[in-house]
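Colleague: Given the coordinates of chain E, assemble chains P and W onto it according to the supplied hints.
Residue numbers (the numbering used here), protein chains in the order written: chain E, 28 to 113; chain P, 2 to 465; chain W, 618 to 878.
If you are wondering where the hints come from, they were derived from the structure by calculation, not from laboratory data.
It should be emphasised that the depicted structure is a prediction, and the values quoted were computed from it without experimental measurement.
Glycine is no exception: its CB is placed at the ideal position from the N, C-alpha and C atoms.
Treat the hints with care, as some may be off.
Capping the alpha-carbon separation at 30 Å, the derived lysine-lysine pairs in DSSO-like fashion look like this [as the list claims (entries may be wrong)]:
| hint | chain 1 | residue 1 | chain 2 | residue 2 |
| --- | --- | --- | --- | --- |
| 1 | W | Lys851 | P | Lys16 |
| 2 | W | Lys817 | W | Lys851 |
| 3 | W | Lys764 | P | Lys293 |
| 4 | W | Lys817 | P | Lys43 |
| 5 | P | Lys28 | W | Lys851 |
| 6 | E | Lys93 | P | Lys54 |
To give a feel for the contact side, a few chain P residues facing chain E, derived at Cβ under 8 Å [said to hold, decoys possible]:
| hint | residue |
| --- | --- |
| 7 | Ser35 |
| 8 | Glu53 |
| 9 | Asp64 |
| 10 | Asn168 |
The chain contents come next:
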Amino acid sequence: MIDCFSPTGAGKKIRLYDLPIGRPAVVASINADEVTRRRMMDLGLTPGTKVTALRVSPLGEPKAFKIRGAVIAFRKEDADKILIDL
Amino acid sequence: MKRKYPYSGLDDILKEVELLNPSGALKLNDSIVSHIYLGAEKIAGEVVSQQEKPKIDWDRKMDDILTSKVFGFPSMLLLLAVVFWITVTGANYPSEMLAAALFWIQDRLTDLCHLLGAPAWVNGFFVEGVYLSMAWVVAVMLPPMAIFFPCFTILEDMGYLPRVAFNLDRLFKKAGTHGKQSLTMSMGFGCNAAGIVACRIIESPRERLIAMLTNNFVPCNGRFPTLIALASLMVLGMTASPGVTIIVVGIVLLGIAATLTVSWGLSKTLLKGIPSAFVLELPPYRRPQLGKIIVRSIFDRTLFVLGRAICVAAPAGGIAWLLANIHSGGLSLLQHCGSWLNPFGQLLGMDGFILMAFILGFPANEIVLPILIMSYLAAGSMTELSSIEQLSNLFVVEHGWTWLTAACMMLFSLLHYPCSTTLLTIWRESRSIKWTALSALIPLVIACIVCFAVAQAARLLGWV
Amino acid sequence: MGLTYQSCSIGVTKESFSKRRTSGVDYTVALAGNPNTGKSTVFNALTGLNQHTGNWPGKTVLYAEGMYTYKENTFKLVDLPGTYSLMANSPEEQVARDFLYTGRPHTTVVVVDATCLERNLNLALQVFEITSRVVLCVNLIDEAKRKKIVIDMDSLAGKLGVPVVTTAARDGYGLDTLVSTIADVAAGRVKTTPFMIKYKDVIEDAVQKLEPKIKMLLGDEFNTRWLALRLLDKDQVVISAVKQHLARKNGFAATGGEAPA
Chain E
28 MIDCFSPTGA GKKIRLYDLP IGRPAVVASI NADEVTRRRM MDLGLTPGTK VTALRVSPLG
88 EPKAFKIRGA VIAFRKEDAD KILIDL
Chain P
2 MKRKYPYSGL DDILKEVELL NPSGALKLND SIVSHIYLGA EKIAGEVVSQ QEKPKIDWDR
62 KMDDILTSKV FGFPSMLLLL AVVFWITVTG ANYPSEMLAA ALFWIQDRLT DLCHLLGAPA
122 WVNGFFVEGV YLSMAWVVAV MLPPMAIFFP CFTILEDMGY LPRVAFNLDR LFKKAGTHGK
182 QSLTMSMGFG CNAAGIVACR IIESPRERLI AMLTNNFVPC NGRFPTLIAL ASLMVLGMTA
242 SPGVTIIVVG IVLLGIAATL TVSWGLSKTL LKGIPSAFVL ELPPYRRPQL GKIIVRSIFD
302 RTLFVLGRAI CVAAPAGGIA WLLANIHSGG LSLLQHCGSW LNPFGQLLGM DGFILMAFIL
362 GFPANEIVLP ILIMSYLAAG SMTELSSIEQ LSNLFVVEHG WTWLTAACMM LFSLLHYPCS
422 TTLLTIWRES RSIKWTALSA LIPLVIACIV CFAVAQAARL LGWV
Chain W
618 MGLTYQSCSI GVTKESFSKR RTSGVDYTVA LAGNPNTGKS TVFNALTGLN QHTGNWPGKT
678 VLYAEGMYTY KENTFKLVDL PGTYSLMANS PEEQVARDFL YTGRPHTTVV VVDATCLERN
738 LNLALQVFEI TSRVVLCVNL IDEAKRKKIV IDMDSLAGKL GVPVVTTAAR DGYGLDTLVS
798 TIADVAAGRV KTTPFMIKYK DVIEDAVQKL EPKIKMLLGD EFNTRWLALR LLDKDQVVIS
858 AVKQHLARKN GFAATGGEAP A
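Chain E extracted, bound-state conformation (with noise of 0.2 Å):
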């Protein structure tokens, strides 16, 4: 939480679900309780992990992501408990 102002924009942290769409970021952690972290993690979503934005529903909602490998989407509340590295 301390660089979140660093200036050149390196290592500021985001919610995933603002990544905007075709770019890359990295997983920095999770804030989310105990059992949705530990399916998260399941996931592949561990610290370190790639991600990319893929997409958004028609609707607007959720957003698709690649997460090693595979396209999953989140729903806002969900992707917003996972914090990224720009």
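Modeller: Below, chains P and W alone, put in the same frame as chain E:
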């Protein structure tokens, strides 16, 4: 007799665990999961190579169309329409052939009864009751089921179905449920019992239960012929047939609206809770295995329909025959029941015979209309009328139907309780008498309220 | 996602209208794999129409088993739910994991997607921790070829320490080899020594301290390393399973694990 406490060894180990990992300080799960993924990454990195990236990423290209803002919904509706069109047109011919063959066998069975000198009731109960109802269910249900489900399996095999859930999830999120409910609903168009089993794909118990309780609001293959016949009756005055399509599509949309509304209501009341984490994989598109799917699905469906015809429709046919053929005071029991139910039926915009047909059709929705025709004709066995004009003559001229009667019967057919096979499936999946009962009661109450409101409003406003 | 396969399969029909049949099984084989790896296709290809489905006891998770024979032996194939992991964070994962350590299949086939090996190996490595008799089935090899992905199978088998079979189950490619490899592993003709992930030193030290005690308590019947990891994680499901096992061994009716007064 006293025995040694068996867990002391385990207790010692657990004590040591507490020392080694005091209140989970090792963060074991995180560490294990990360390490295993790292290991997998390392091994895969060492053995996998990709000489050149494929020039075109087909999955991405397909998704750019099938989940896009512009083409996402049109392509979805188009595919659904194509599946329905294939089902309806493709089922016509085999349905007729099956009916002809099965009714031919019926005549031979009657001949056999005569030959053996069996009493009339034997031929009546077993041939005109039990056999006829089985034949009916097979002829009406088998062809559309054998076409509809393979189409869906093909769509699933190609990887398209999860995209439907992806496209529609927001609607279901607003209703407090899961996007995959759109798929269980789609299966419900084929058969609600299959739709109920399909609810297993929804992981969270709360959302799965909501999907199960509301699956009945999508009309299944057994109800479509009834809906189409009633819609034809309504637009008989008009010449063009688009009217039928518009009415049937309208009814389907109404069913979807009912599903979403009731789901929303349930998730705010009986099944309150926060939606569980939503995770939906969009797998790569793949070439479907056409041959195998078709052979297998047709085989599977044939067995399912036959099983259902024997276990469910046969007894129902027997009961219907008894009610139509046991007379007291010059009228059959069926007619007595019909008159008795008539005041209530009128309140709902229908009549007593229609309600009786729904009650007797509880085992299988596809015999509702034949039973109704049977009771109107005061005939001893289920009958079909060869043309819509004949149907109109019987219903409108002889039994005083108006557009409101047809409309209310369509609404009741759409909303009323699920058939017995579906209820049995709900019980088997939920293992709960309470939820099974509610899955019949909720739709029934809604159907009564809607029909009552529509009928009274139409009469008050002088539309009838 | 197993939508139409679950709700329209022959099994559901049988489930509705008939009873199951189980007799004369020589070997039990578990089929594990991520979702969308073609696991159902492998299952259907091996068992044909000889299937039975239902729910796992107490769970709304689809259970499917089927039979096939190979060289006069009858194999019962149990199709575990498709999961990404075996950490038991969902009912599906719990069912799959519990079957692997309590059902103790003679062979476990892990079906992986050749186009997505990294993600799929995660599950395979977790299976290795529970059971050593594993065959890795690298499916969808035709898709991988189309995407110009090349996998060094010998090297993979060497690193993993289990037989690797490549298949394109949709076209039936490789299934003969899969069936014979399963039989070899089940009968013990092929020995497997699956690759084990090493964790950080604190964890490994703790496991080493626990392992001999577990061995003393339960003997060689169970995989002590995996049990040590689960107990270390205070996994309640595993703890009560161990309790049940101990109770049975000592002649108690299986109870929640209360000490007799």
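Colleague: Take the hints in turn and mark each one as holding or not.
Modeller: Each hint tested on the structure:
no. : hint                 : in the structure
1   : Lys851/W to Lys16/P  : holds, 11 Å
2   : Lys817/W to Lys851/W : holds, 18 Å
3   : Lys764/W to Lys293/P : holds, 25 Å
4   : Lys817/W to Lys43/P  : holds, 16 Å
5   : Lys28/P to Lys851/W  : holds, 11 Å
6   : Lys93/E to Lys54/P   : holds, 17 Å
7   : Ser35                : holds, 4 Å
8   : Glu53                : violated, 18 Å
9   : Asp64                : holds, 6 Å
10  : Asn168               : holds, 6 Å
Hint violations for this structure: number 8 only, all remaining hints satisfied.
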